[in-house]
Amino acid sequence: MRVRFAPCLVIAAAAMLPLLLDPRGYWIRVLTITLLFAAMAQAWNIVGGLANQISLGHAAFFGIGAYTSTVLLVKFGISPWLGMLAGGALGGLAALVIAIPTMRLQGHYFALATLAFGEVMRVIANVWTSLTGGPGGLSVPFAPPSFAAYSFKLLRPHAYIALVALIVATSIFKAIRRGAMGYRLRAIRQNTAAAEVIGIDTTRVKLEAAVISGALTAMLGTLYAQVAVFFDPDTVFGIASISIRIALIAIIGGIGTAAGPVIGAFFIIPLEEIMNSLLSSRAAGLSQLVFGVVLIAVILWQPRGFVTLFSAWRARLSHGRAP
Amino acid sequence: MTILEVRAVSRRFGGLQALSEVTFSVRRGEIVGVIGPNGAGKTTLFSVLVGLVRPDFGSVSLDGRNLSGLKPHRVAALGMTKTFQNVALFAESSVLDNVLTAGLLHHGVDEARLEALKCLERVGLESVAHKLAGELSFPERARVELARALCTAPKVLLLDEVMAALNHVEMQEIMRLIRSLREDGVTLLVVEHHMRAIMNVCDRILVLNFGRLLADGTPLQVAADVAVIEAYLGRSAGEARR
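Protein sequence lines correspond, in order, to chains A and B.
In terms of this note's numbering, the first sequence has 60 at position 60, counting the first letter as 1, and numbering is strictly consecutive.
In terms of this note's numbering, the second sequence has 51 at position 51, counting the first letter as 1, and numbering is strictly consecutive.
Calculated from the structure, these hints are not laboratory results.
Heads up, some of the hints might be wrong.
To be verified - Restricting the straight-line Cα-Cα distance to at most 30 Å, the calculated cross-link-like pairs of lysine-lysine (DSSO-like) are: (1) A/Lys174 with B/Lys118; (2) B/Lys155 with B/Lys118; (3) B/Lys131 with A/Lys174; (4) A/Lys75 with A/Lys153; (5) B/Lys131 with B/Lys155; (6) B/Lys71 with B/Lys118.
For reference, chain A alone in the conformation it holds in the complex:
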């Protein structure tokens, strides 16, 4: 078997990064958020990349995870680690509920239906004040620092937890893609009738993929809540801030590939931050405008994502080495 150097190298580099960054600083926060978004895009990739069902509603699961763990912590003092499992279960359930009616939809129709679902969740969170605190948002209460309480003085442990989350999400994605489920999802994507006739329970496979993706995204929502410490319905259920960003990261990086979400997140999140810090003082909306122009340029230049660029380089390298 071929030893895979590239992933090991990336993981080693990512493990060094938190040590190099100022533990109280701004960039370690950016790194943590980047890792979390990479993991979310990876979870999205299970449905978006393998079944080609472009979901624009993943904020629904993300917000469910953030709210579940935080509400359990605020109201009952339950550790966010357990809250994360509860959030994952609820997120999976929500994914099942949304998948049953939307499963037969394709292309734009699926995207619009999931978009609507995310919006419904945002409205519910805004209105159900007794549970969620409504538009005023929720704060994660302070707890004495300990791993069991998921409370730390510095951001460094959060960065490492996010890194582990990304590795886990990537491993799950790769296992699904290589395994029977990956073959079945690819078959369904290409020809549903033929997939059924050769014995694939297309309904069940789609539901399973949706539940895994939704549960993972919800668990990552809990990790986000612990890093952010404060959030409101518009941030965790946001269309642009969460749903579209997750999809965009996977698409810019390379949809359906394991490296795509990682490359996409490390491009988009830091770029956005740099644009904001450089341009937001100049004119309102300028940073978003420039960010948008850069994204359009990238999509035109590499329509299938950055990952194709990397595989082209690799091909050229191995070609050069061959006699």
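On the provided structure of chain A, position chain B as indicated by the hints.
Just chain B, lined up with the frame of chain A:
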């Protein structure tokens, strides 16, 4: 003895009566041809058998088990699958992956890969296993369809025009393959336009016309059947034989 029992199956699409009260049965190990002019309902019949199309009336049973209301994947698991006339491969996947996916019905990924290679060898495509299915020529793609269907280990296999666009030699190979499948205990239903081929390979022939079963008999009986000649060549040719 009887593996497939079709009773009074009817199906209407809008104003078109695609199938009307079709009744027949197939014995285990038989090779049955299904012929008829274009639009006679041959492909609809196959779609009803595997569960892609629900009949309005009538029933299908496989090995004594009623298939009414079962989805295609359940029918496949019970042992009946079909190939697609217009070829419905997973074009962006490799030939091997196309066939392997069918093998997952009964095996894990690694075993399914071995099974898929065996099936590809059986249809003579092992040399293109790693090409993308979409890159193959039409006759090759039809053979991938065949290999993929085989990889579900069917008891009853429905072949919808797998010999279309094949040259004489390739057709001989497919006919040899069909006979060897029968020796393995597979029961086959074959839709084909090539009359020489179908008369040659089939034990029995069903003739469909405007959704009705017009004749059911040995190739010789069917060839002599006046009604068939009328359906194919028009009324006057049939009358000339009378």
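Going through the hints against the structure:
1. A threshold of 30 Å between alpha carbons decides the hint, and for A/Lys174 with B/Lys118 the separation of about 27 Å falls inside it, so the pair holds.
2. Proximity of B/Lys155 to B/Lys118 is assessed by CA-CA distance (about 17 Å); at most 30 Å being required, the pair is judged to hold.
3. Distance check on the hinted pair: B/Lys131 and A/Lys174 sit about 22 Å apart at the alpha-carbon level, within 30 Å; holds.
4. Of the supplied pair hints, the one linking A/Lys75 and A/Lys153 holds, its CA atoms being roughly 23 Å apart against a limit of 30 Å.
5. Restraint check for B/Lys131 and B/Lys155: the C-alpha separation of about 29 Å stays at or below 30 Å, so the hint holds.
6. Of the supplied pair hints, the one linking B/Lys71 and B/Lys118 holds, its CA atoms being roughly 28 Å apart against a limit of 30 Å.
Going down the numbered hints, you'll see the structure goes against none, and every one checks out.
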